Amino acid sequence: MTTSTSSQSLWQRVTAPLSSGPIAYGFLALYVLACSILLVTNPRTELSTDVVFVLFLLSMLVAYRSRVAAWFKVVLGVFALGVVLPYFGTLNPFYIDVATQAGIFTALALGLNVVVGFAGLLDLGYVAFFAVGAYAWGIFSTPQITEINPAWSPVDPVMFYPFLIIGLILGLITGVLLGLPVLRLRGDYLAIVTLGFGEVIRVVANNLDRPINITNGSQGIRAIERPPLIIVDQIRNLGIVADDNRLYQLFFYYLVLIIVLLTVIVVARLKHSRIGRAWEAIREDEVAAVAQGIPRVRMKLLAFAIGASFAGVMGVVFASKQLFINPPTFDLLRSINILAMVILGGMGSIPGAMLGAIIVTMLDLQILPRIAAVLREAQAAGAPIPRQFDPTQYQRLLFGLLLVVMMIFRPEGLWPDERRREEQHEVEITDEELEADKTAKQAGADSGS
Amino acid sequence: MALLEATNITKIFGGLVAVNDVTFTVEPGSIVSVIGPNGAGKTTFFNVLTGIYKPDKGRVVFAGKDITGWRSDQIAALGMRRTFQNIRLFGNMTVLENVLIGMHVHLHASIWSIIFRGRTMLREEAKARNKALELLSFVGIADKRDELAKNLPYGDQRRLEIARAMAGDPKIILLDEPTAGMNPHETAEATQLIRRLRDERGITVILIEHDMRLVMSISERISVLDYGSKIAEGDVQAIRTNPRVIEAYLGKGAAGHAA
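Those sequence lines, one after another, are chains L and E. So the first sequence is residues 1175 to 1623, counted in this note's numbering. So the second sequence is residues 2 to 260, counted in this note's numbering.
These are computed hints drawn from the structure, not numbers from a lab. Hints may be right or wrong, so weigh each one.
[What the hints assert, rightly or not] EDC-like mimics (lysine to aspartate or glutamate), calculated; alpha carbons at most 20 Å apart, straight line: (1) Lys55(E) / Glu1460(L); (2) Lys172(E) / Glu28(E); (3) Lys172(E) / Asp57(E); (4) Lys145(E) / Glu98(E); (5) Lys151(E) / Glu1592(L); (6) Lys132(E) / Glu28(E); (7) Lys151(E) / Asp1330(L); (8) Lys145(E) / Glu178(E); (9) Lys55(E) / Glu126(E); (10) Lys151(E) / Asp67(E); (11) Lys151(E) / Asp1564(L); (12) Lys66(E) / Glu6(E); (13) Lys172(E) / Glu6(E); (14) Lys132(E) / Asp144(E); (15) Lys145(E) / Glu1592(L).
None of the values given here were measured: they were computed from a predicted structure.
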């Protein structure tokens, strides 16, 4: 632990002059520009681009942390996320897809962070609410609806926009329905019940093709509608040639970006309100919180429902973006992945949840597959790697190892909530004290004999 | 009319009768104490009054309402607040936030006004902060408003717990051993604070306490519990000379001597 603290202070010594004062403005501008130029000039899909892409996204977090004027941060953010990244995406569609995916999971991590981080309720079935939103749009926008009742027909694709709200409400309702019976439970019991619920939703989706075919079972739902692009004709009139797929990628990127922004605002405001305080109090000491007149079950239910509603909205977006959903999309691993994002970033911390989501998504979609690909190339080129070793098989292992190492060396997460960090340090100090106590006692015993 | 009336309260854990048929009345504006040897059922009795436990028998009437079987938070919202024997602050929240938590039942900003930063919400928050600061200066720790509660010295944590209890504008505050672990100087200050609660704020106080000097100096009525039963009740003089009380505290021989 001592080594980590000293290296941290060295890190702080190096970064301190770069994070405030006029140097910070220059540094940040240079950083973002350099990354942007590197990205745009070399849009090929390879490891070096991956690294630059990650550095590029990290620049947003560096900017957020720096002590520069708010307008400067906004300008940088709009420039990087609103202009450079989408433009880069038109050059290399793979990366904008990664960014969109990262955005979807950022919103999910923020939602789960309300449940786990703010209110302290361990939810292992969060993806169920995501599934509810996704299946709602999947069923109602495709001919799947006629399987339920031949008289019904799919809704117009433009209904996608109101369906975002419907997804939110469905998530909310499911959250309340699940929450009502189970939120009297605490800790581990709640975790098990939510885990079960997550599985129930998946299994229901898998088996609800008989007697009435509602979810089309394990085959999933295909050809899910995308909303009509509103300003596409205007863009074409400008003389820009773009095919629909590219345009939809940009559309979903911007849509997700907007939803994430709204989510951040809502979550941050809730956190610093009477509701956020009540959640924190319940997390810290339930008995004491109730003794202050805080209705325990109602506040927990609220956290659960709010978290679920974010997942519901993103489910609708996800189904429409992916065009295809099936039950395995919403398995337990997905829930655990989202939970890992929250914990990796730092429970209860809003920037932490976002950072965690971005890192885990990147690892999953980009970095780990790329490392595996590089290894395989090396293998093919005759590097001394056993033939039986298939790097692609070890991605999850690497991911798991990373989590283990993280939790040992930085249990509070990458970007902890200020107070959470202190909680973790509290434990460390008492451990050290115990250690010191023991040696002192031993010394006393030695001198005694 | 009595502010708090507990009639024939019985609470049983397994085979153990923790509180046995206790009847207890508190007049508004008074300071009353509940004393008794360790394990006499005092804290259990508090827990029954504040809704943490439901009584197996008996009835609790508070401020004209039958609150038997109510949830803790409902009872707290009705105006009965408490402190805990082993201080239960929200350690990782600031001193000011702890008091704001105590005000929860008086804050009504809707979720919409929170999300849109509505004017009523902002005004309500500002008002709550001012009131919290006022309460902190009442107990004398306003200068520590931004410290984390767990970093406060022991005596200040006790004060903060009282400020938090006051934040809900309670009619009655139950203090569970408020001076436990304090030195005589701190105890004197705490005694002063308890008196001011009643004299300046008109809050009725029920006290569980082992410090007999404090109990005798401050209480208007005293109830004595032993093995879960009420063995005596009365004013300070009556309790001091009651042979059953002396017996409970010192044993049979001592009671004989006193008599």
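Check your understanding: Hint by hint, which ones does the structure fall short of?
Key -> Result: hints 3, 6, 7, 8, 9, 10 and 11 break, sorted rising.
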